[in-house]
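Q: Listed below, chain by chain, are the residues.
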Amino acid sequence: MSAPSRAADQSSGAIPADGGVLAHTLSRPPLPLAAEIAIWIVAVGAFFVVPDRALLLNEIAILGLFAMSLDLVLGYAGIVSLGHAAFFGAGAYVAGMLAVNGYATPLPGLLAAGLAAALIGFLSSFLILRGSDLTRLMITLGVALILLEIANRFDDWTGGADGLYGVAMDPVLGLFEFDLYGHTAYFYSLSVLFLCVLVARLVIASPFGLSLRAIRGNRLRAAHLGIGTSRHLVAVYTLSAFMAGLAGALNAQTTQFVSLEVLDFHRSADVLLMLVLGGTGYLYGGLIGAVVFKVLQTLISDLTPQYWQFWIGLLLVVLVLVGRDRMSERLGALLPGRRRGVEGDPA
Amino acid sequence: MADLLVVENLSAGYGKAVAIERIGFSLKAGGALALLGRNGVGKTTLLNTLIGVTTFKGGRITLDGADVTPLSPERRARAGIGWVPQERNIFASLTVEENLTAIARPGPWDVARVYQMFPRLRERRSNMGNQLSGGEQQMLALGRALMINPKLLLLDEPLEGLAPVIVDELLAALRRIVVEEAMTAIIVEQKARKILPFTDHALILERGTVSFAGPSAQLLEEPGALEARLGVERA
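Line order of the protein sequences matches chains D and V.
Each residue of the first sequence is one higher than the one before, counting from 1 in the working numbering.
Each residue of the second sequence is one higher than the one before, counting from 1 in the working numbering.
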């Protein structure tokens, strides 16, 4: 069958939307610049308000970066994934193994980890070019499971089920030693997150980024207008994998430990949950979702250490059934200022 | 002037069904062709076959000397085929300006020139695609097709469902694009008398085959010729 007829088989009659139902459902408009600046002021200020929770803040920054990397493919290109931990884990293991083998300088290790994850992302991206959301979910899940088993099998390198011990990092830029309280770790992770957000901002504002949104809107329609849909998807998937790899490397370097858990299914599911909580398609959904997820996890696990997952699960069910927008509108209406505003409205 | 588009024995359809059969014509660079016929005779199918989204049955399409028949829709667009679909297909989640820049390719047509052609789009540049009226969407669809700097522009019923005042505005723009800018174009349109004055040739389809091929002027000048060939009564 020739190329035209193959295309026709997909698009005879009305051209179907192929941007991913989940991506459309979660999509949110971009934040105004003032809100973006406020987020970064809060992110830096949080350290000075709760310096004793720097380890938690560091974890949030890493998860925020991880979630943003998934947002690039889900929120902007409409590719849903249940295996993004593959890149997070690959980055973590590369950074960890480099450190264990004497290459303990943080930034080169970080870059190497990102590039290794990007290579895996590039190679696996060709698998997600075709098919529906369900196909992509299964393929991405499969890739993560394959990497998990590889890490488990090559325990001489990875430590297998025991994890990778002995990850000791040099000071960041030769100046800032990692400390037990996570102070250096937080600013290191936050700096990397900030740079990645800047890069992501540039990418999504470029014609390439606009093309991605066109592809998310309708892949076939975009192709008919000359957008190289496959090349764009490969490129953004590779970039996303790079950033997820950076997040994994930050996790390894700042916690100084890597285990099979970094490749586990729950990592991929958690990061998707963070995007459900925070929304997609405006870059900060992952960060906001990571804050909500980790704070809830911390608070609930303090109250009920054994059953915190029950409450997170319940929140997810309520969120999906009621809808985040309706919930935030009703919660907002309870605020005194909002109520006054409503009551004072002559209409 | 050399032929920009040569279509030879083109047959295509959807799945097993054949909708157009053994169609052949050529179009010179800078020329404009009116593609006419009643509903369901294969006009849209012919355009869809040129952009590569039907089931190809046979024949050959040559654009600017290169055989584009085996190319995917994406490659045909990059080879220089611009398409203004009947449904307009605006990207709803992008603004007017983003719709234009998302698919831009190097060439004389850029955002400023499209805004010059359609000042109304400049006014609505920050509006989302789904916030536009039908006429504005049609202008955007046309402007977007120009942004890929096509060698050949395909327009599928660009005046369909629009208010008369918008039709006049779009017709003026189309005339400028085709006559003054010398853009090679194929225009499918039910309102034949609106487009025949500025197209060089006309092709009338009947049941998926060519029933008339000749100068547009011939259809306009001979009393009743157009209606007779289209099988409709003159209004």
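None of these hints come from the bench; they were simulated from the model.
Glycine included, C-beta positions come from ideal geometry on N, C-alpha and C.
Just to be clear, a hint being listed does not mean it is correct.
Here are the simulated SDA-like pairs of lysine to any residue, each with C-alpha atoms no more than 25 Å apart in a straight line [unchecked claim]:
(1) D:Lys294 x D:Pro305
(2) D:Lys294 x D:Gly163
(3) V:Lys151 x D:Pro207
(4) V:Lys28 x V:Lys194
(5) V:Lys191 x V:Arg75
(6) V:Lys151 x D:Val49
(7) D:Lys294 x D:Leu315
(8) D:Lys294 x D:Tyr282
(9) V:Lys151 x D:His183
(10) V:Lys16 x V:Ser211
(11) V:Lys194 x V:Val167
(12) V:Lys191 x V:Ala172
(13) V:Lys16 x D:Pro207
(14) V:Lys28 x V:Arg75
(15) V:Lys151 x D:Leu315
(16) V:Lys16 x D:Leu220
(17) V:Lys151 x V:Gly30
(18) V:Lys16 x V:Gly30
(19) V:Lys151 x V:Pro164
(20) D:Lys294 x D:Leu55
(21) D:Lys294 x D:Gly131
(22) V:Lys151 x D:Leu303
(23) V:Lys151 x V:Pro108
(24) V:Lys151 x D:Tyr282
(25) V:Lys16 x V:Asp64
(26) V:Lys16 x D:Leu315
(27) D:Lys294 x D:Arg130
Per the computed footprint, the stretches of chain V lying under chain D, defined by three or more beta-carbons under 8 Å from a beta-carbon of chain D, are [claimed, not checked]:
(28) 87-93
(29) 214-224
Q: Taking each numbered hint in turn, which are not upheld by the structure, reported in ascending numerical order?
A: Structure breaks hints 5, 6, 9, 13, 15, 18, 19, 21, 22, 24, 25, 26, 27 and 29.
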